[in-house]
Each structure stands twice: as structure tokens, then as C-alpha cells.
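In the order they appear, the protein sequences are chains A and F. The first sequence begins at 1422 in the working numbering and counts up one residue at a time. The second sequence begins at 568 in the working numbering and counts up one residue at a time.
I should point out that these hints are in silico values taken from the structure, not numbers from a laboratory. Quantities reported herein were computed from a predicted structural model and do not represent experimental measurements. For glycine and all other residues, C-beta sits at the position ideal for the given N, C-alpha and C. Hints are supplied without guarantee of correctness; some may be wrong.
To be verified - In silico negatives: residues of chain A with every beta carbon more than 10 Å from chain F: (1) LEU1473; (2) SER1499; (3) SER1504; (4) LEU1507; (5) ASN1510; (6) LEU1523; (7) GLU1599.
What the hints assert, rightly or not - Cross-link-like lysine-lysine pairs, in silico, DSS-like; alpha carbons within 30 Å at most: (8) A:LYS1551 to A:LYS1630; (9) A:LYS1486 to A:LYS1525; (10) A:LYS1522 to F:LYS670; (11) A:LYS1522 to A:LYS1486; (12) F:LYS833 to A:LYS1551; (13) F:LYS791 to F:LYS638; (14) A:LYS1630 to A:LYS1730; (15) A:LYS1486 to F:LYS638; (16) A:LYS1730 to A:LYS1551; (17) A:LYS1630 to F:LYS670; (18) A:LYS1525 to A:LYS1551; (19) A:LYS1522 to A:LYS1551; (20) F:LYS670 to A:LYS1433; (21) A:LYS1433 to A:LYS1730; (22) F:LYS791 to F:LYS630.
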Amino acid sequence: MSDIRFTNAHKKFGDVEVIHNLNLHVEDGEFIVLVGPSGCAKSTTLRMIAGLERMTGGDLHNGGKRANSMTAAERNISMVFQSYALFPNMSVRQNLSFGLKLRKTRATVVDHEVARVAGMLGLDSLLDRKPGQLSGGQAQRVALGRAMIRRPDAFLFDEPLSNLDAELRVQMRGEISEMQANLSTTTVYVTHDQVEAMTMGDRIAVMNKGEILQIGAPADLYERPANTFVAGFIGSPRMNLMPARDLLADAEPTDGPAHGAAVTVGVRPEHILVNSEAEGTRIGDAHVLRIENLGHEAHLHVRTLRGIKLNVRTDGEVHHRIAQGARVSLTVRPGMLHTFHSSTGECLA
Amino acid sequence: MRRGGRLREQFSLGWACIFTGAMVLFSLFPVYWVLATSLKTRRDGLANPPLWIFDPTAANYLKLWTHETFKYTFLNSVIVTGSGVLLSLALAIPTAYAIVRMKVRGRSLVGIWLILAYMLPEFLFVLPMFSLYQWTGLYDTHVGLALMYQVHVLPLSIWLLSSFFREINPAIDEAARIEGASHLHILARIYIPCTLPGMAATAILNAIWIWNELAIALGLTFSKAQTVTLGVTGFRGYAALDWGAMTGASIIAIIPMLLFALVAQKHIVRGLTFGAVKG
């Protein structure tokens, strides 16, 4: 049993409280992603689990044991850092075996474990190299190996892919997900990249200003955002959010709420139909300001006749049908209009 | 246009060479003069106007070879420098680590104090310490000198080592802590090996300073622990100066540090320009 539970956790740096009353339960074997913008305290949360930061209030339980005053080493947790944090004076072999040797593991066992992990991660030919002689991807694999070799109760990842190029990031994303699925080790993964969050986690916790705003499966967060922050943060391109009156004044809503200044509506770019006769909530006509063609899809930047700018995601062939400056009609797919309270930002539906 | 540019470039290069050459001559002239005097006979050494061409003699060096007091002071300097450098590193390494990586209260005050202590003239400490040293038995001992030198070399060492330690990504010691390493282990297994050029530079700078120090040695030793700088001045008698022996002793006193600096030059430059440690 290696679940992680925060109960009413608080963290202050001096007089500034960065985490307010955090409650989070990571189930045994679960892969949870903490996602949010810079400064939302997601890394601080991770560091509190690791024992690198002390909580100023509340409780933390690891595997049912109260861990508030346990040292980092006592928690039997492994962490992978954004900067890899490999020991620069040690070879890959020494980096991998560092933790085992500190625990006075027998030399034959250490050698066996190093060989096992190196084999799993394709590091066999790199064992005698120093970190300075490794590429970013190789260094990240060594960091993963160092985390895996001790068979810890939980893995913590602090934006581990941020320093990698786009292609390698996609590859490593898959490798980390596969590794976690094979080992079934409780994992907490911090990122500000919502694509990583959506593709990797069993559940996602969206954080902002030291609070968890919503926690749930990736599809839940995408389909049923609890507030405007989550609605805007999850999904790429981001959800169009605006006062209902601005978007729908000329329209005849066939679904969704009544118009009103107190309501904010949100619609995802992929849920807006262009020049379609299909059923849905009519937004009205708009002018195409710009077309970004990505090949497999295109993003239309349009401005409605009431001056509201919207982002529309459509198929990559759209430029054959629609030119920049063209007038198009827009419709929201049935059931895809999200409504939020204007002042609190909370979901109304 | 291109030719004019090349001429201007050669002209500036010529000036730079002349200027650099003049600076080198200016700074090396005293050393040359001491060396030349040490190789002259007593009469040649005192000639007025000075002799530029002379028959060199090794007599002064042969005299020093059998001069027991000078040999003794030389050995004292080796002992005091060695122990002073080791002591400074032993104290400065953990202190610098604590300042850089541990949440020690008043870290900024320590930083200010280090700079102040380094800037204070060393003789300032000698007079008040004189009676304390006599009372504790540290007067005229190697240990007493090595301890007193820490007043000067320790702030410099802590300051230098702190700057080297700051170059290490803090995530590296966090990673080590999670793996189960203690602070002492992190220091010994990661920080010291990663900053070896910096350690060498610090040790060399400390050694040079201790070896060349005169004021503290003059105030806190009498005979047993006298260092080589005092040994050199010992050739100045009540009524006469043995210029030949004194200059010869100076050259011998310079040689260890000169060799040290030449051998370790690479480390000093690398240490003092110690860059980011690739994590």
C-alpha cells in the first residue's frame, strides 16, 4: 500500500501562503498529474511529498504512515528532476547505483539491478560515461533509471520533459507512461504542459494559486470543466470564453442557458461548425481574420459581426473552401456550450 | 581601405606588445635584481654604481646550505603552510556548504563579516593575541601560527568555496538527499569532487599568502616557530647586512611558491573561472 494523502495541507514561505488547505488523495498505483501555470504551487506540492519542503500545516500520509516529519530518505520515494540532477562527477553506473550503495545493498545485487535497469532503458553501452557526455534524452533515461532502481513506493516527476526537444518529449512521454503502467507504482507528475497531462495521467489535478480547482480523469476535465480556469487551461487551442450576451445576442439558442450578463459561455474551437446546416446553437456570421494550417487540421481566427474574436478548429482541407477575409456562418454543436457564473467562474450546468 | 585597416591593426598590436613587454620587465626587475645580487661577491654586490656584468658565484647559496637557522625556518614554513592550508580547507568546506545550501540564520551577515575580516590588516590581530598566546602556550608554536593565519585565509576560503558551491545545481543535492545521502556524504561524494579545481585554487592562494606572511610571524614567534620570511630578515645584523645571503635566502624562499604556482597555474585559472557544473 503506497497511497499519498494530503489533509488540509498548508505551506507558507515567510508571510506568503502558497498552498491553502490542500486535500488530495493519490491512490496506490495511480498516475496523477498536477498541472497548472507557473507559480501555482504544483512543484511545492511535489516537494512536500518528497520531503524537500516542510508543510506549515495539515497532514501528509504516505502508505498510511504520517510523513510530516520524515526525512526525504525515510519516505522511500524517487524523484526525477527537470534538470535531471545527475551527479556530474559520477559515471552512469555510479549514478544508478548511488541509492542502493547508500542502503548498503550487497555488491552482487547492485550489479544485477544496474544491469536490469540499464537493459530496460537501453543504457547498457553508456554505463561508463559521465553525465556531461550524454545527450538530453540519454540523461533523462539515466534519471529515470536512478529513480526506478530502488523500487520505491512512489515516483515523483517535476517537469521532467521540459528540457527536451518536441520529438524526444513525445517519445519520453510514452516511455514514462509505459514504465509506470508496467511497474504500477504510485506516481505524481508535475507539468505545466496540458498535453502531457491529458496523455499521461489516470487523473489530473488542475492547480491555480495554491489550490486544486478540479481533479478528475482527463476526459472529465475536458468535457466537464468545473470552472472557467480549468475550461481555459485544458484543451489546445484553448476554449473560447466570453459573456453569453456577446456571443449569443443574435442567435436563437437551441440549447444552453438563457442570455444574460451574469453568464459566461465557453465553447471549444473544435465544437464550432463552419458553414454547416447541422443542428446546434447558431452564433451568426463572422469574418475569417487568419487561417493557420497545420496540415491535419486548421485553426481559423474569426471575428463575429458583434466584434467577438473566436478560435475555430477545423479540418486541414478548409483552405480549399474558405479564404482569408471570407464571411462564414458559425454554429456550436449541440450540447457543447459550457456555461459559467460570470463572477465566480463556477460551472452552471 | 583593407590595407589601411591591416596597418592600423598591426600598429595597435605593436603598441600592445611594447606595453605588455614593459609591464613584464617592470614587475620582474626586482626579482632579477635579487637574483643577481645573490650571485655576486660581497664587493660586487655593494659596488656603486651597480655592476651589470659580473662573475657569478654560488658562495652565498653554499653558505645557506650549511646555515642551520635558515634551514630550520624553511622547514617551519613548510609545516605552518601545510597545516594552515589543511586547517583552512577543513573549516571552510563545511562552512561554505552550510552557507550555500542550508537554511542557516544570518547567512548574509556572515557574508559581510567574511569580507570585513579579509580586509582588516593582519597586524591588527597580533597585538591583542600576543598575551593570550603567551598565556595559552601557543606563542612561538606551529599550531599557534597556523591558527592565527586562519583569521585571514578562512574568510577568503569560505568566500571562494561558497562561490564554487553555488555553481552546483541545488537539485543535485536534493536528488542525493532523496536517495538517502546525508549532508556530509553529499559534501564528500559530490561537492568536493565537483569543485576540485576550485579547491586547488583556494589551497594554492592560501599557501602563497601563508608562505609570504611576515607581520604575524614576527609578532607571534620568537625562535622555535620562526618562518622563512623571518629567516630572510635574520641576515640583517645589528651593524651590518649580509646582502648576498639575504638575497640568496629570498630566492630560495621564492622557489617553492614559484614552482607551486607554475605547476598549479592551470588549476588556479580553472578554479577562479570555475563555470557551471553540467548536471
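Next item on the list: Identify every previously stated hint that the structure contradicts and give their numbers, smallest first.
Entry: Structure breaks hints 1, 2, 3, 4, 5, 6, 8, 15, 16, 21.
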